[in-house]
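Asker: Here's the letter readout for the chains.
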Amino acid sequence: MGTHDTGSPYAPHTPSERNAMLDAVGVEQEADLFDIPADVRFDGELGISARSEQQVRAEMREVLGENDDLVEFLGRGHYDHYVPSLVDHLADRQEFLTSYTQYQPEIAQGFLQVLFEYQSMLVELSGLGVANCSLYDAATALGEAATLASRVRETSGARVLIPEQLRAGKQGVLENYADGADLTVETYPMADGAVDTAALSDTIGDDVVMVYAESPTVRGVIENSLNEIGSLADSHDALFCLGSDPVALSVLEKPAAVGADVVIGEAATLGLGTAYGMGLGMFATREDFLRQVPGRLVGASEDESGRRTYTLTLQTREQHIRRERATSNICTNQAWVALRAAIHAASLGPEGLVETATDCIERTTAVAEQVDDVAGVTAPVHERHHFREFVARTDHSADTLESELADAGFGVHAIDDNLLQICVTETNESAVDEFVDTLQEVTQ
Amino acid sequence: MGTHDTGSPYAPHTPSERNAMLDAVGVEQEADLFDIPADVRFDGELGISARSEQQVRAEMREVLGENDDLVEFLGRGHYDHYVPSLVDHLADRQEFLTSYTQYQPEIAQGFLQVLFEYQSMLVELSGLGVANCSLYDAATALGEAATLASRVRETSGARVLIPEQLRAGKQGVLENYADGADLTVETYPMADGAVDTAALSDTIGDDVVMVYAESPTVRGVIENSLNEIGSLADSHDALFCLGSDPVALSVLEKPAAVGADVVIGEAATLGLGTAYGMGLGMFATREDFLRQVPGRLVGASEDESGRRTYTLTLQTREQHIRRERATSNICTNQAWVALRAAIHAASLGPEGLVETATDCIERTTAVAEQVDDVAGVTAPVHERHHFREFVARTDHSADTLESELADAGFGVHAIDDNLLQICVTETNESAVDEFVDTLQEVTQ
Amino acid sequence: RYEPLLSEKNSHEVSVNTPLPDDLTRDSLELPDLSEPELARHYTRLSQMNYGIETGPFPLGSCTMKYNPKFAEDVAAIPDAGVHPDRKDRTLQGVLGVYGTLQEHLAKIGGMDAVTLQPPAGAAGELTGVLIAQAYHEGDDRTEIIIPDSAHGTNFASAAMAGFDVVELPSGEDGRVDLDALEAAISEDTALLMLTNPNTLGLFERDIVEISEMVHDVGGLLYYDGANLNALLGRARPGDMGFDIMHYNVHKTFATPHGGGGPGAGPVGVREDLTEYLPTPHIRGSDDGYERYEPAETIGKIHGFGGNWLVLLRAAAYIRRLGDEGLLDASAKSVLNANYLADQVDLEIPFGPFHHEFVASADDQDAADAAKRMLDYGVHPPTTKWPEIVDEALMTEPTEVENKRTLDQLAAAFNAVASEDDETLEAAPQRTAAQRIDQVGAARSPRLSWQALDKE
Amino acid sequence: RYEPLLSEKNSHEVSVNTPLPDDLTRDSLELPDLSEPELARHYTRLSQMNYGIETGPFPLGSCTMKYNPKFAEDVAAIPDAGVHPDRKDRTLQGVLGVYGTLQEHLAKIGGMDAVTLQPPAGAAGELTGVLIAQAYHEGDDRTEIIIPDSAHGTNFASAAMAGFDVVELPSGEDGRVDLDALEAAISEDTALLMLTNPNTLGLFERDIVEISEMVHDVGGLLYYDGANLNALLGRARPGDMGFDIMHYNVHKTFATPHGGGGPGAGPVGVREDLTEYLPTPHIRGSDDGYERYEPAETIGKIHGFGGNWLVLLRAAAYIRRLGDEGLLDASAKSVLNANYLADQVDLEIPFGPFHHEFVASADDQDAADAAKRMLDYGVHPPTTKWPEIVDEALMTEPTEVENKRTLDQLAAAFNAVASEDDETLEAAPQRTAAQRIDQVGAARSPRLSWQALDKE
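Protein chains in written order, with UniProt numbering: chain A, 1 to 444; chain B, 1 to 444; chain C, 29 to 484; chain D, 29 to 484.
With the rest of the complex left out, here is chain A (with noise of 0.2 Å):
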């Protein structure tokens, strides 16, 4: 408003400061400032106009309202959990949010040590040594992962196998990280809902550099033979690659001792909520690929009075230093993100971790009687354990169903021609008992 309301109203500057500082560097205005010759400067109009803040907010509400008001049993790589009013209140302190990459480690203790209990909380659920402070999401940490598999990996080969029952996006990420490593992508077979680790065995050979293997998979399915397949991985020299989440990984045996060598997955099931599918990629490895991680590492170090300090550390893997020899081109990462999902688990603590991961095999168990009672639905599909989600076979068309259950204002996902996939967290579950009418009613 006032003095600031032309231009930018993030520009501070009064008319008698913008003079004395056009006197100062000696010209009239602003625009002889700029040496853009003349055939490539724009004088037109981008036509976009201004708006006040409040018209900004409002119009902003309106279009987001768009959207239809429904409750989603959605998940497949993207969950709800209730994310604690702590977290919101903390991370948008403007000394975290508006703070840049720990460049200045002196002034940047504080993000400096929330990322550093990031890193170790992912230890600590991976059972790997080594954890780095963010990815964008599970895909590129999956493509990250097997670019790593190619550089660290003793004997050449070229294939990198995953499931065939995978998130398309996942796979499609992957497949752009393998093409510039040289590396092909292959999927092997699933039986009921869980790796066929016989005809894993049968399609792994030597020139395997990573067997990918979800747990929970993409439809929640909790996988039975990590440790087999982490035996079949190491018995070819292959890296096993494990995908998971911290919410699983609390109650799930772990990764490092069925001998995963990676964990990747979506950190954001703490802290985000859904986001339109926003997420945070957790990446953990063992300590002996740590000169070969991707992104980011913060360490414990000393200043010079001797106290215990943080600090980013083993840059010359990254981008700014080693250039084209760097161990990936991630540079802004999800710190904001991360600190977020290490507020979300420090506030749950190790009993409310667990116990949300408990909920989410209970809850899931139950919903799926619930929906299996429906006439003409069959569900859990897959007799295996579940978390948070489950597949649902039906007598009609899955398509049509989604459309129906959509227009009474619920959110599931068509998965196949007569499959439903339905996701239940602590978010959503109040509309269990009317879904699950509604369900009745659509499949009459």
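Hints in this document: simulated from the structure, not taken from any laboratory. Any given hint could be a false lead.
[Stated by the list, open to error] Cross-link-like lysine-lysine pairs, in silico, BS3-like; alpha carbons within 30 Å at most:
hint : chain 1 : residue 1 : chain 2 : residue 2
1    : D       : Lys483    : D       : Lys37
2    : C       : Lys37     : C       : Lys483
3    : B       : Lys254    : C       : Lys483
4    : B       : Lys254    : C       : Lys413
[What the hints assert, rightly or not] One-sided excerpt, in silico: chain A residues whose CB lies under 8 Å from chain C:
hint : residue
5    : Tyr10
6    : Ser85
7    : His89
8    : Thr197
Think of the CB as a built atom: it goes at the ideal place given N, C-alpha and C, for glycine as much as any other residue.
Start from chain A and add chains B, C and D according to the hints.
Answerer: Same frame as chain A, now just chains B, C and D:
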């Protein structure tokens, strides 16, 4: 969650910590520390069941969702102005929000300076020499003005004169304050929505302690005889107390210039928005009444190093020191709301504030014209200048119209058999056309 | 650390031009004129010169500085809470529902029959209570209110504001009400006896039943100052002790933020036969949901509208979060914390057994100086020099939100300061944003605005 | 100032008991176990040991640390924004509408024909652009990407990640692209030339039209690194200069918070004939509103879902807030600020005329030490020792959000440090939460978790 899940989630004691502490004080359990005679011990249940944070938030959203969705054209002493995002974000910093009264100024310089700046803004707006750093609301500020008047007036007297058109709640609070000071409250007539100065002249006498007038009035009328009222009061050695608000004062003649001895009003027109009547009592007065001011005052000082600092001052006026001889019983005040108002005012700046106020004049005129165009409706009823709101007369029962408009999603005041009052600011102006259409329908 | 005033950064005088006649408007307005980035830094830096409950312990006796749960802020920000009070009741069932439920919860907690939420602070609650007593006694010629010498200053001021004479009751040697002194003070002129229990020394008034009978025998009423209610949550209720009227400090007991001095809320509970005196409007359930009504003998208004709604809303959320078990635990841990801290502190504590707070004596040190020195140890000091019944009082209330480590840190600060000399204390604080501030000078030549500074 | 690790405060090992068979679960989990008040203090204190843009100026060259408007945070918190990506398009018109509009706005700002919002950061944007170039050249045997020596490190790494050979282009004596060197580097093997303009010295590549023709003549494409776009807002557009592909750094140019390192977002714009290579899904308007579709020749996925949505949403709000006039003013004031600050600084600035940033030389001082010493003057230092074309570089970008007073304060810090001796610089910083940190030692024996510390 977890260990802290039993009992208060905000008591941090782990079982082992608790035991160590019980050991140190030499008891088995906390109950042993209570020295409550058995006959007044409560062993029953309160019957309030504990809920998770998620549950309470959901429940509160649900309960508050029982409010109908109305576009409110409501004012009469409680107003909605757009509060910039900056206000929420800065005021919510815990250093402000969770701090105590500034009895240790050395670690409370931040809040003290904000309150000092708030006082200074009110000094500019009122033209008076001193402003306190908040009272509860306009009504209690009016009550305090009356008791101040009874203390500072040199001749004896007991009558306080108030306009006949006044918010009932304001009069009610004033009467409670007046009673204890042995004052009586009397109304004087108004003519066409403004003070009937002839009638006031007839009513006033040397036994009048204080004359109160408002601009804008409860009906949104800008009073045009303030000078005359000020002179009348002065000629009887009565104090002239003017009721207004900071937005209006940014364009209206300075209260000091029309002879006001005290300015009170609702300063939560800045910084708070509608909050079911929660407010911020503005209180400014002449410097010579300084030692009779109710509430807290922040003053500038120096610290040992000679640097300028701020501190609560003149505390000998206050109850915690002077007890029954205090200028008021007020202790806890509305400091944080004052902080919000100060940030809001700073955010607008002088131009923004004047613009907001000017809009309150121009917009109200325009909307009154629109309403006047509705067949059977006359607006404004008073041939006066208006601020934010105006009164309209209809052929119908105002109560019925109020009800029908509520059903259609609009809130207005029914203030008399055939009078509606309508308030418009930047927060509801976008709904004016729809409102006028609806008014047309319900008055057909 | 120093942050200039807004007015020193950039001030701007604008001309005022409105559609109004010139004689109704001012010519110009001069106020600070800064952009959002500059303001964000200004207030952020100022906040960094301020100590809040998340900065560290805040053991101010009688103030009950608890941690304020973050979720309550989110509850207060629910858009449906931002409504105007002049809506019709039927369109306002959300707000009225919260009022109705909170009234019930507070009534249960205090053992009262009805509760008004209108008083915007504890002192306003006191005035409400005093006015209710006045209305109840109407026709009688009861001019006196009895208040112990150790009571909060607001008790005295509130009584005086309603026109009563204050009769000060000297404390007994054990720090509690002296029944003989009470006997001497009490009479047919007694309208009200105002008590805090536990009192400001943290002591439970063991003779409360007898006191209640004495007051009621002369036809007076008994008022409970809720400042120390945190000690009794779920364990004892003023209503059960014979109190007729009480106020609750929701910004103390129910963890709503103190906000640098306010807003708070001071709901008032009464026994059944005083219900009709409550301020108007009162809220009650009806066939059509909740409704506002005017009690038959109402004392009228104590706040222009319905009180500090957003504070009440936070308290409602807090009470529901804790429930019976949480409230019971709050009193348990607040009393444990006070007793543990007292045990660790090497100072004399003349009176006991205390509950949620204790008053230590700084002995031959000046308590105010000792407090300033505690600032240098990074903690907030206790309330000082009050109640006067203890020499150089350090009135200390850690509340239930502190853990053992923090209490140990606090005790270390107490003990370190106790061993220091007067010179060190008088020179304190040294490690704070500002050094010792000249409060006498500030009061001697008051400068209360930047305009006053400009005049110098 | 020192705050213990969460694990040092209280750690707790819980047994894991679930309905799962034991062999699928871990036996126990050990993590910090603290209550909300303790956590609130922990993170609040940590925040107090961190410098943000509201703490003071943040003139990191190439980083564009702007003030992040508060209202954009409120926009990102609108409940309707918190949705799952697997909804059907017709139930997701709100999100898709924001995508559609932001795509259009960015296209206009960059002079591009289509924009994807999927890349979650600038480097991901680069990779996207490189993959698009690769797809465009499919069948050709173009193996090289040319990058100036002064370019951001990510350019090199992104090119390499896609399997290209990097050809480094030496800067000319004037700090710009040397056309002769380019002529020598360019060939039929050239897939892409990646440029920043203004470059990292703040200089506009005056020969950009000629450069563009040279690249296009050999069949290569031209890529614009958007890191410095703030200098050109509304004044020049990469698309008009001949760039075929570009990325935008919304966390730089469009004032979304850097978040201590991320998240950002790196939308990529392309000229019309590259539209079909964009990542999938892309968003377009249709008769039924907005829809997601798979472009015919898509490079596939660059993020598992649709990118960093909540960052994009903030940027969308910022762009709408500023509009044409605000964007034009942002570039004006950012360039004015850089030039004014440079004028006040008593250091050599070898190259010019610069725009939004300048690179000064610390001369015979170590630039990194000089930066540490600047911390003692309460400001954030510039980027140091890069680009290497300037000895002991201090790469400085104040952005448009600083006022004259702050720029003067920054200049005073530069100048004060410039006059100090090496000893002082090497001992710096002294007035910060931590003193100089041993980074060499941290890398030599990495301790990257509290578990690693426990092992010591």
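Asker: Hint by hint, say whether it matches the structure.
Answerer: Hint check results:
1. Of the supplied pair hints, the one linking Lys483 (chain D) and Lys37 (chain D) holds, its CA atoms being roughly 17 Å apart against a limit of 30 Å.
2. Of the pairs offered as hints, the one joining Lys37 (chain C) and Lys483 (chain C) holds, with about 17 Å between alpha carbons and a cut-off of 30 Å not exceeded.
3. For the suggested pair Lys254 (chain B) and Lys483 (chain C), the alpha carbons sit about 19 Å apart, so the restraint of at most 30 Å is met.
4. Distance hint between Lys254 (chain B) and Lys413 (chain C) is unfulfilled; the C-alpha atoms sit about 43 Å from each other, more than 30 Å.
5. Annotation: Tyr10 (chain A) was flagged as interfacial toward chain C, and the flag holds, the nearest CB pair being 6 Å apart, inside 8 Å.
6. The restraint placing Ser85 (chain A) at the interface with chain C holds, with a minimum CB-CB distance near 4 Å, inside the 8 Å limit.
7. Annotation: interface hint on His89 (chain A) holds; nearest CB of chain C at approximately 4 Å, less than 8 Å.
8. Taking 8 Å as the C-beta contact cut-off toward chain C, the hint placing Thr197 (chain A) at the interface is violated, the least distance being around 46 Å.
Taken one by one, the earlier hints fail for this structure at numbers 4, 8, listed in ascending order.
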